[in-house]
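**Student:** Chains as they are written, first to last, in this note's numbering: chain X, 109 to 415; chain E, 109 to 415.
Simulated from the structure, these hints should not be mistaken for laboratory data. Hints may be right or wrong, so weigh each one.
Calculated cross-link-like contacts (lysine-lysine; reagent style DSS-like; alpha-carbon spacing at most 27 angstroms) [what the hints assert, rightly or not]:
1. E:Lys-383 to X:Lys-383
2. X:Lys-193 to E:Lys-383
3. X:Lys-128 to E:Lys-186
4. X:Lys-296 to E:Lys-313
5. X:Lys-243 to X:Lys-303
6. X:Lys-325 to E:Lys-383
Every value quoted in this text rests on a predicted model; they were computed, and no experiment measured them.
There are 2 protein chains.
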Amino acid sequence: MSLIIVGSMAHDAIETPFGKTDWIVGGAAVYAAYAASNFVQPINQVSIVGYDFTDEELADLERRGVNMEGVKKVADKKSFFWSGKYHMDMNSRDTLVTDLNVLADFDPVLPDSYQGSEFLMLGNGVPALQISVMKQLKERPKLSVLDTMNFWMDTALDDLRHALTMIDVLMVNDSEARQLSGQYSLVKAAKDIQKMGPKYVIIKKGEHGALLFHGDKVFVAPALPLEDVFDPTGAGDTFAGGFIGYIAHTRDVSFENMKTAIIVGSAMASFCVEKFGPTRLKEISKEDIDGRIRQFVDLVNFDIELR
Amino acid sequence: MSLIIVGSMAHDAIETPFGKTDWIVGGAAVYAAYAASNFVQPINQVSIVGYDFTDEELADLERRGVNMEGVKKVADKKSFFWSGKYHMDMNSRDTLVTDLNVLADFDPVLPDSYQGSEFLMLGNGVPALQISVMKQLKERPKLSVLDTMNFWMDTALDDLRHALTMIDVLMVNDSEARQLSGQYSLVKAAKDIQKMGPKYVIIKKGEHGALLFHGDKVFVAPALPLEDVFDPTGAGDTFAGGFIGYIAHTRDVSFENMKTAIIVGSAMASFCVEKFGPTRLKEISKEDIDGRIRQFVDLVNFDIELR
Chain X
109 MSLIIVGSMA HDAIETPFGK TDWIVGGAAV YAAYAASNFV QPINQVSIVG
159 YDFTDEELAD LERRGVNMEG VKKVADKKSF FWSGKYHMDM NSRDTLVTDL
209 NVLADFDPVL PDSYQGSEFL MLGNGVPALQ ISVMKQLKER PKLSVLDTMN
259 FWMDTALDDL RHALTMIDVL MVNDSEARQL SGQYSLVKAA KDIQKMGPKY
309 VIIKKGEHGA LLFHGDKVFV APALPLEDVF DPTGAGDTFA GGFIGYIAHT
359 RDVSFENMKT AIIVGSAMAS FCVEKFGPTR LKEISKEDID GRIRQFVDLV
409 NFDIELR
Chain E
109 MSLIIVGSMA HDAIETPFGK TDWIVGGAAV YAAYAASNFV QPINQVSIVG
159 YDFTDEELAD LERRGVNMEG VKKVADKKSF FWSGKYHMDM NSRDTLVTDL
209 NVLADFDPVL PDSYQGSEFL MLGNGVPALQ ISVMKQLKER PKLSVLDTMN
259 FWMDTALDDL RHALTMIDVL MVNDSEARQL SGQYSLVKAA KDIQKMGPKY
309 VIIKKGEHGA LLFHGDKVFV APALPLEDVF DPTGAGDTFA GGFIGYIAHT
359 RDVSFENMKT AIIVGSAMAS FCVEKFGPTR LKEISKEDID GRIRQFVDLV
409 NFDIELR
């Protein structure tokens with residue numbers, strides 16, 4: 109039940125209406141690994157870091173079963189750095205700084221030991237590199253999930269369209285689903301995207317939850333209504349990590365099991381936003397996670413016996 | 109199990125990206141009555157209409173058990189008229205015309221035969237008139253539900269605050285909940301609103317579903333993902349009518365039953381948007397409704413046995 113996670117490992121500076129941090133570990137593959145490691149280990153990580161990525165942060169991840177063989181360490185450059193500021197509604201943010209640093213040289217080389225991994229999570233990143241990782245795999249994984257964003261639709265659409273033909277599950281947010289398909293209706297957007305390759309489409313709607321589409325089937329997962337969203341950074345990556353982690357743990361790629369996996373991802377994301385960066389993800393226990401998932405049951409459960 | 113519905117009975121002219129109608133019956137109390145009448149009859153309607161409200165439209169409603177004794181007919185004025193145009197996203201609309209006509213003189217007088225009604229739905233309207241209806245009732249209903257909008261928060265906040273002290277359930281949309289409470293977080297907004305009077309707060313989020321808050325309890329209902337929303341006019345009033353209709357039918361005002369009632373309301377609203385005005389609401393059968401509610405079960409149901 110091995111899982112490959114591909115994506116950035118970074119440092120972030122984040123400002124929200126509730127506080128500010130100048131330096132915290134981040135990146136799609138960090139959030140995804142923290143979330144997934146609750147369900148499956150080892151995690152075969154594929155990423156690149158600079159000299160400033162601390163041994164302590166690497167050790168934290170290794171203690172959670174994250175295999176660093178596929179993580180390139182660059183001695184003379186800094187790690188990818190992102191800085192952003194959130195507005196009051198937490199749904200919009202301004203990017204203040206994007207320093208690619210080592211990410212500009214990222215050309216993932218899959219270690220031999222990663223061959224045969226059954227599950228693949230391609231975190232948001234350059235579509236050509238996502239394709240490269242898939243091409244290096246000698247066997248097609250049992251399930252390949254790709255996360256992407258509008259930036260790649262604007263700048264690398266041909267590569268992205270190619271990548272879509274190679275994957276099973278696409279994760280995008282609602283505006284990205286609309287942009288990719290040219291359809292306003294999310295039902296129609298999901299149908300059109302399925303024709304591009306992925307047989308499963310997950311549309312993330314932040315505080316409004318997530319939708320899973322497969323053929324004529326639809327599943328709607330709520331987001332947990334929270335008193336405060338402290339820092340939404342990484343919530344989408346955490347959702348992805350919880351989703352693929354649960355799938356890899358159960359080794360069940362049915363639509364029914366994906367529904368539960370989406371609830372697991374939603375629960376993990378609801379922890380992520382409680383503190384800065386992945387802080388909260390490092391703290392939570394199995395009991396916390398199980399309790400949160402039970403909250404989701406109460407949240408959507410209703411008596412179906414009509415009177 | 110008698111139900112009073114108070115609100116406008118109107119004519120609308122509607123333009124959406126999918127079509128245009130110059131003249132169709134509408135108004136909060138019309139949509140609510142069509143929805144509720146599937147679950148409870150008679151419905152004790154309180155409204156006002158002009159000479160142009162056709163006998164055919166009144167007869168359509170009467171055939172569904174809508175009692176017109178509390179509906180004042182004005183011989184020399186037209187019915188309330190609203191005209192609006194929806195944008196592509198269907199979430200925003202421009203109001204083109206608002207002719208109050210008879211609604212300017214609306215001073216509801218409750219017929220004696222309506223006394224003792226167990227359930228009360230106060231459709232969106234002037235808060236002072238909503239108070240007047242409540243004051244005319246000799247016995248407090250088993251459940252009073254009030255729908256309102258930002259316009260009344262801007263123009264009649266004191267009356268609205270007074271009305272809130274007299275009701276059990278408030279229905280508003282997300283931006284209205286934020287405006288009324290001054291809280292961005294909907295969880296905090298719902299808590300603050302409960303302190304203003306209503307022990308139950310329903311927050312409508314259109315295509316993103318609805319939330320029910322009561323003390324520390326929360327329920328999230330999805331909206332049915334639709335290929336096309338043909339005309340959203342009246343969806344909120346239809347939701348309200350389905351909700352109170354099911355509550356009145358079951359005579360059960362528990363939180364658990366309200367959850368089911370919200371799903372019933374959501375199902376009714378999902379029909380409403382399929383055609384112009386209340387057209388679709390007039391067509392659907394008990395079987396259609398039961399089938400739609402079963403779709404909601406499939407939509408949110410997931411396997412809770414974590415492996």
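**Student:** Look at each hint and say if it fits the structure.
**Tutor:** We went through each hint and held it up to the structure:
1. E:Lys-383 to X:Lys-383: Violated, at roughly 45 angstroms.
2. X:Lys-193 to E:Lys-383: violated, 43 angstroms
3. X:Lys-128 to E:Lys-186: Not OK: Lys-128 (chain X) and Lys-186 (chain E) at ~59 angstroms, beyond 27 angstroms, violated.
4. X:Lys-296 to E:Lys-313: OK: Lys-296 (chain X) and Lys-313 (chain E) at ~21 angstroms, within 27 angstroms.
5. X:Lys-243 to X:Lys-303: holds, 21 angstroms
6. X:Lys-325 to E:Lys-383: Given that 27 angstroms is the threshold and the Cα spacing comes to 23 angstroms, the pair holds.
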